[in-house]
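Chemist: Each chain, written out:
Protein chains: 2
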Amino acid sequence: MYRTHTCGELRMEHVGQQVTLAGWVQVIRKISANLSFVDLRDRYGLTQLVIGDQLLTKFSEQPLGREFVIQVKGVVRERSNKNPEMATGDIEIVLDDYTILNGSKVPPISIMDNSNDSDELRMKYRYLDLRRNAIKQNLELRYRVGREARNYLHTQGFMDIETPFLIKSTPEGARDFVVPSRMNPNEFYALPQSPQTFKQLLMVSGYDRYYQIVKCFRDEDLRADRQPEFTQIDCEMSFVEQEDILNTFESMMKHIFREIKGIDMKDPFPRMTFDDAMEYYGNDKPDIRFEMKLVTMNETVKNKGFKVFDDAELVVAINAKGCSEYTRKQLDELTDWVKRPQIGMTGLIYVKHNTDGSLKSSVDKFFNEEQLKEWAAKTGSQPGDLILVLAGREERTRKAMSELRLEMGERLGLRDKNVYAPLWVIDFPLFEYAEAENRWVARHHPFTSPKPEQIHLMDDLSQYGNIKANAYDIVLNGTEVGGGSIRIFQRDLQEKMFAALGMSEEEAAHKFGFLLGAFEYGAPPHGGIAFGFDRLCSLLGGSESIRDFIAFPKNNSGRDVMLDAPSAIDDYQLDELYISLVKQEPA
Amino acid sequence: MYRTHTCGELRMEHVGQQVTLAGWVQVIRKISANLSFVDLRDRYGLTQLVIGDQLLTKFSEQPLGREFVIQVKGVVRERSNKNPEMATGDIEIVLDDYTILNGSKVPPISIMDNSNDSDELRMKYRYLDLRRNAIKQNLELRYRVGREARNYLHTQGFMDIETPFLIKSTPEGARDFVVPSRMNPNEFYALPQSPQTFKQLLMVSGYDRYYQIVKCFRDEDLRADRQPEFTQIDCEMSFVEQEDILNTFESMMKHIFREIKGIDMKDPFPRMTFDDAMEYYGNDKPDIRFEMKLVTMNETVKNKGFKVFDDAELVVAINAKGCSEYTRKQLDELTDWVKRPQIGMTGLIYVKHNTDGSLKSSVDKFFNEEQLKEWAAKTGSQPGDLILVLAGREERTRKAMSELRLEMGERLGLRDKNVYAPLWVIDFPLFEYAEAENRWVARHHPFTSPKPEQIHLMDDLSQYGNIKANAYDIVLNGTEVGGGSIRIFQRDLQEKMFAALGMSEEEAAHKFGFLLGAFEYGAPPHGGIAFGFDRLCSLLGGSESIRDFIAFPKNNSGRDVMLDAPSAIDDYQLDELYISLVKQEPA
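Protein sequence lines, in the order shown, are assigned to chains F and Y.
Per this note's numbering: the first sequence = residues 284 to 870.
Per this note's numbering: the second sequence = residues 284 to 870.
It should be emphasised that the hints constitute simulated quantities derived from the structure, not laboratory data.
It is possible that part of the hints are untrue.
All copies of an identical chain are treated as equivalent in the list; a pair is satisfied when it fits inside any one copy or across any two copies.
Computed list of lysine-lysine pairs in DSBU-like fashion (alpha-carbon distance at most 35 Å, straight line) [unchecked claim]:
hint, residue 1, residue 2
1, Lys-866, Lys-587
2, Lys-643, Lys-590
3, Lys-537, Lys-585
4, Lys-866, Lys-419
5, Lys-656, Lys-568
6, Lys-734, Lys-356
7, Lys-751, Lys-356
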């Protein structure tokens, strides 16, 4: 061993001991001509080294620099000037000698906690970026979350079973990454978008409770904070109903939050139907750290002669508590905010419910105070509040109001990072209509079971939009962290589902014959859930970005800029695989 | 929940309780017109169900069949005819009612323990094969081994850190699987052959102790029991020397064997140099459950007028204890055995060291008893033993004798599956000569450090064969279960290594620029090891085959016959990836 102790370990009780440490030079402080201090860093902490008289010659001949890797020998001494901020702040090491194990050029990015370096530079030098304390803490957190998830699932009888990565391409939903096979020329494997069918087969095989913390792959155009490879906590159970799954994984969340954050989450977690989530929050992953529900105003405000409202499919309001004193400037700014292309509204209407009880709106020309009182009653506004109203096409307007609600929640400080508000959203629609493809697609995936009492509606295309699934998401502070469903386990229902999605019998047999086959040999009722592990960790770490919770993430073009991957491969590799490149047309 | 208890849970203390179970019909035994027994199976065990008078009508209208999934309700009763072989053998359930949750066709393969079905059929219906008790126990064992490895590594401060799967193709050694990138047309990712460079970067980043139980990929022609995707327990440590790594992972092996097998392995594990392994066992993974060392006979037997020996590069013997009474027939059979093409020898010479002390050989024409006494002295044979001798080209003969030694060990019952003999093989050569490529290649991989005192030999091509590496394998009962090395951590030495392997500076920079770069910013001394997890599990499970320890293995053509993967993909997928297929020439 290159060391007797780590840099985070020494305390007063070690004073007088001869020790050997190894680590990185964090900082060198020259105090005088014959006295320097060095902070030595390793994974476990920082320790102050004292370089005094006896090392003066060596120190001038073999000077140290930032990020040098050194081994040091010396005696632990009580510090005269203790640093209570530092775990080892009571002591220092008076060096007898040091050895430079490896030098370092001046790092091109800062190793300090508050780095201002560009993302591109940080990613290129990721191995240096990973030295930053903040990132190290994130990866430590990730390790602990994974370990606690495993511990919990172990106590519940779940077995970690590995499923294959080289599988079959069955594009339905997202795009597959494919892998040409050399041994089977002109054929391709696909990388799994999730172990979905395998975990279902394991249920058919009788494994009863399965889990895996596993990489998944989706070749989608990357939005901020989406990665082509990501990690799921993937789980499946047999002989259960939705209620059993919600209870089991609610307990897992509680376990993780207790062990990682010391937070006792109240149970049961609240539940909300998809329909309610859309109506009252404008999206399927409500942030319920605060109320400020959406109020549909159509009946209250339409046909009163105001064309904007009369032409609108939806008029929707929120009541921003205590905001009646918003200035003209603030209101203009909010109006600009909703007019941004991302939000896409043409304007914002407001009603100030003044502290004296009077009502003052931006549409006084069209609505008198009596009418505005109806608005106040409908939205539940009180003196001191501000009613904000959007109008337009149903879908866009609801989405815009959902965004405005979150923005107002943010401005009012109602979205405290340290408050965790979990929520089950249930009763998702089975299908959703894909305008681009002009067909119904599975909202969750094609293995999701419709509500048993609605199965007969699958015979009537006009009813597709009304069929609900035994599908559920777990939402935390407005972010979906997991989702799952009770699965179809009968061959005939699964075939009906494939047919509903426009798949021919041949196509279904080609893509999913193994699953349909498995359902004929005693498939048990089963269901499961998958958590976005990267996202769960970032929420627990209080961060918006999942990238800082992934050791080696890719950028928005799917590139690893450190490796410079993907990259060209050799012609002989292409030849062996019986593929050739098609040149891209110039744009 | 579909059940109040599992099928492995009920005991005498439950007698009289109303219970609900769910599972698979294993066996139906019709006892009389109005009495049938059913064994109900789930992951946890078997429970006997009694179908009596009150269910006669239902049982004839809704008959059960093998592998049907049913839910049953009834009362626990003490059995009159207890079955001590069965955990639940004291009780049975007298059914009030049952519900068929799902039917089953007659399974095309046997679910029973001793299946005689072909591998191909078992793989096609893997979801049924996985129901077999033997396979289930293997996967449970695998889960427990993984969990114990994690538990041990946790106590030692190792952190599980995920490394990427979509990386850069840097073929050097095995062939990469590649993944065409849609977002970066004409460029490819590669799937990792191991996380080697990433774990080294994590050491550069200061993570100190890393591990991962992780899938790796090699596109090699498959021999029996090799899989294109396989799992490693991958570990790396900083500020350590070889001794520290051997101690750390020796303890891991001891932990796993204690927890999984209840076996206390003696430490320290024996160590043997590569050179000794080759000389005394004829291969680099000796099975040391028994001695029977190879004895080089050249000096004893050459130049005595026997042409076979005089022409041979190597004459090598083993002493088979207690085999002097081998019959002519047995000796002929052994001779045929060494003449098989897999072994490739032209003949076998023997000396019987008879119980009366006399010596009788198959080469009495060339060697008198006085000379044979020298053989006996050299090989250490005693009255009652049998000396077996092979002669020929060095490499083939040593290998053949290694095989013969194992065969004799097998015949003498010296290779007891329940005895575990671990061994460290150390001091591997740094390079080996690849005849096909006409160049030196890295025996372990290009990141392995030469012995520090031999670094200067890298300047002299004639010395390459003599340079030893700080590389080690852990061998168990003649099988390599893990291997690793102390790594190069200096840029100049790494560059020298790449150059020694015939890599130009440009190529080295293109493929491994990130690693060379990282070594310039304070890389610590480090080293690691990777265990073949599939293999380790199969050894712990007492099996030769890794396939039965993998939930969904591939066959020898790299195919998943259940999924029918790999398979053709759609033209639009090829178009999106800017690749096209090259038709294979007819053979």
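Chemist: Are the CA atoms of Lys-537 and Lys-585 at most 35 Å apart within a copy, between copies, both, or neither?
Modeler: neither (46 Å within a copy, 77 Å between copies)
Chemist: Is the C-alpha distance from Lys-643 to Lys-590 at most 35 Å within one copy, between copies, in both cases, or in neither?
Modeler: Classified as within: same-chain Cα gap 20 Å, cross-chain 117 Å, threshold 35 Å.
Chemist: When no copy is specified for Lys-751 and Lys-356, does a C-alpha distance of 35 Å or less occur within a copy, between copies, both, or neither?
Modeler: between (69 Å within a copy, 31 Å between copies)
Chemist: For the identical chains here, do Lys-656 and Lys-568 meet the 35 Å Cα criterion within one copy, between copies, both, or neither?
Modeler: within (31 Å within a copy, 88 Å between copies)
Chemist: For Lys-866 vs Lys-587, is the C-alpha pair at or below 35 Å within one copy, between two copies, both, or neither?
Modeler: Neither. Shortest intra-copy (61 Å) and inter-copy (71 Å) distances fail the 35 Å Cα cut-off.
Chemist: Within a copy, between copies, both or neither: which one fits Lys-734 and Lys-356 at a CA-CA cutoff of 35 Å?
Modeler: between (70 Å within a copy, 25 Å between copies)
Chemist: Have a look at Lys-866 and Lys-419 and pick one of within, between, both or neither, based on CA distance no larger than 35 Å.
Modeler: neither (42 Å within a copy, 49 Å between copies)
When the structure is compared with the earlier hints, violations turn up for hints 1, 3 and 4 and for no others.
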